[in-house]
Amino acid sequence: MEYKPTIGLEIHVQLATKTKIFCGCSTEFGAEPNTNVCPVCLGLPGALPVLNEKVVEYGTKLGLALNMRINKTSTFYRKNYFYPDLPKGYQITQYSIPIASEGFLEVKTSKGKKKIRILRGHIEEDSGKSIHTGDITESEYSYIDFNRSGVPLMEIVTYPDIETAEEAYEFLVLLRKTVRYLGVSSGDMEKGALRCDVNISVSKGETLGTKVEIKNLNSFRSVRRALEFEINRQIETLKKGGKIVQETRHLDERTGETKPMRTKEELNDYRYFPEPDLPPLTLTDEYIEKIKETIPELPNEKEERFIKEYGISEDYAHEIAASIEVAEYFEEAAKLTGKPKEVSNYLMVNIMKFINENGKSIKEITFGAKEFKELLDLIDSKTISKNIAKSVLEESLSSGKTPSQIVEEKGLKQITDTGEIEKVIDEVIKENPKPVSQYLEGKKQVMGFLIGQIMKKTRGKANPKIASKILIEKLNALK
Amino acid sequence: MDLKKYEKLAALNLSEEEEKRISKDLTDIINYFEVLKEVNTDNIEPLVYTKGAKLFMRKDEKQKSLDKELLKKNRELFNSNFYRVKKIIGD
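Chains as they are written, first to last, in the numbering used here: chain A, 1 to 479; chain B, 1 to 91.
DEER-style ranges, computed between Cβ atoms: (1) B/78 x A/254: 34 to 42 Å; (2) A/254 x B/75: 36 to 44 Å; (3) B/50 x A/294: 31 to 39 Å; (4) A/30 x B/38: 56 to 64 Å; (5) B/17 x A/4: 50 to 58 Å; (6) A/260 x B/17: 37 to 45 Å; (7) A/277 x B/16: 31 to 39 Å; (8) B/75 x A/159: 48 to 56 Å.
Treat the hints as calculated values from the structure; they're not laboratory data.
Just so you know, even glycine gets a beta-carbon here, dropped at the ideal spot from N, CA and C.
If we strip away everything but chain A, and leave its shape as in the complex, we get:
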């Protein structure tokens, strides 16, 4: 029997509100240290928390988008522990009844679709940030920036339904797409707007193995690497007759290995109790219904509709629907041109390449649906060939000029005048006696070379169909 991994994720999503969860300080990332602080988020005695209604809105929205039940009454608790970046000595969070319970996301993996259930989603405040200067073991002090203290988070906890590193990775990717579609979080892992802890054990059969926690994974790649390493480490340890120790580990980014973290295990006792400064949060059916109406079509739904409605490939639909901006761009162009397949091709091959190479966003480019129609019409009317169209598109992307402007200025109009093409073909036949005789001996593959020569002479402007028809006629006449 094979060892089977059991994996659960705990993901902190930073909610994209302007101000903190319990006070009016800004949540701006990268501000000068300790400038966005006040008595509430510094935990000064007597300061009282006042809940930000936007946090409730975003939490409800995310809960609904993850197919969760919104609890009409949820409560706040104090999670008590001592650490310098937690000035009150407790974190205000939710415990027995979170804002959202019991949902799922369906991810696509190389082995097909899989539903991963979500246990709960609760809203809470972030802690401050400790900065250690120089060598962590040598410096005498920790320096703390409280700008992050009180920034709103929604913690999403999955059931241990995940069985591979790929599933965990795909879950995170889909979660990020979802929060971005909703506009409730930037989803930037590098900026800490999405943070992931994983719980993992391996076992044969029904009884679960000893659980190991991996903390502070700060990129999609890290999650995948850490899990791949850890699954292997646990299986190998057990195969050799070893034992898995229940512990917290972290990923060493340089080596890709997970290593035990120094922790105070015995102190893992948070003594939760209800937050006396905040009455329970109650939401009405009307409120929940109103939020539901603001939820846009989500990535998976969009992807499926694109395949059905526009007949584009599954891979392209997946990539296009990954970003709401790209999806909207595609749909507008597909509708206006009536040629979704061509649009998806040019979009994924040429336009995305331009965007990635130039560090732009789809919103910044001037080549929109109108320009798309112009370009495809130029191909349709045989004014330009598909080959020329590619360079026109590239030129339009970088210069901002419209396709017809470029065709006009550069004289790229396709030559459909058979007389002109015949003249060029005669030259090519004359200049290439060897390939011509090879063709006459039956080597049909030299056709490509001869067409190439024609294109070279006409700078790609000869209509390829007409050119090859005339070339064949002329060659056959030589037989």
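Here the structure of chain A is known, so what remains is to put chain B in place on it, guided by the hints.
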């Protein structure tokens, strides 16, 4: 009851005499819960909030944060734009 554990959790350093007194107090409190346990609580919702007040929420609007000059006045704690504390290593 392991009082030492709770001392550590609460970051307290109790004298022997204090330990004795608090240990007794806590034991009394815990014993009282044994009495409370006898009350029939079937069909009663857990109580998490006693004041009966409604939750008040604020709009997501910025308010003025504290002036850094004010923070700097705490020279003991505030050092080159950061709060400085004795190093603690943990997770």
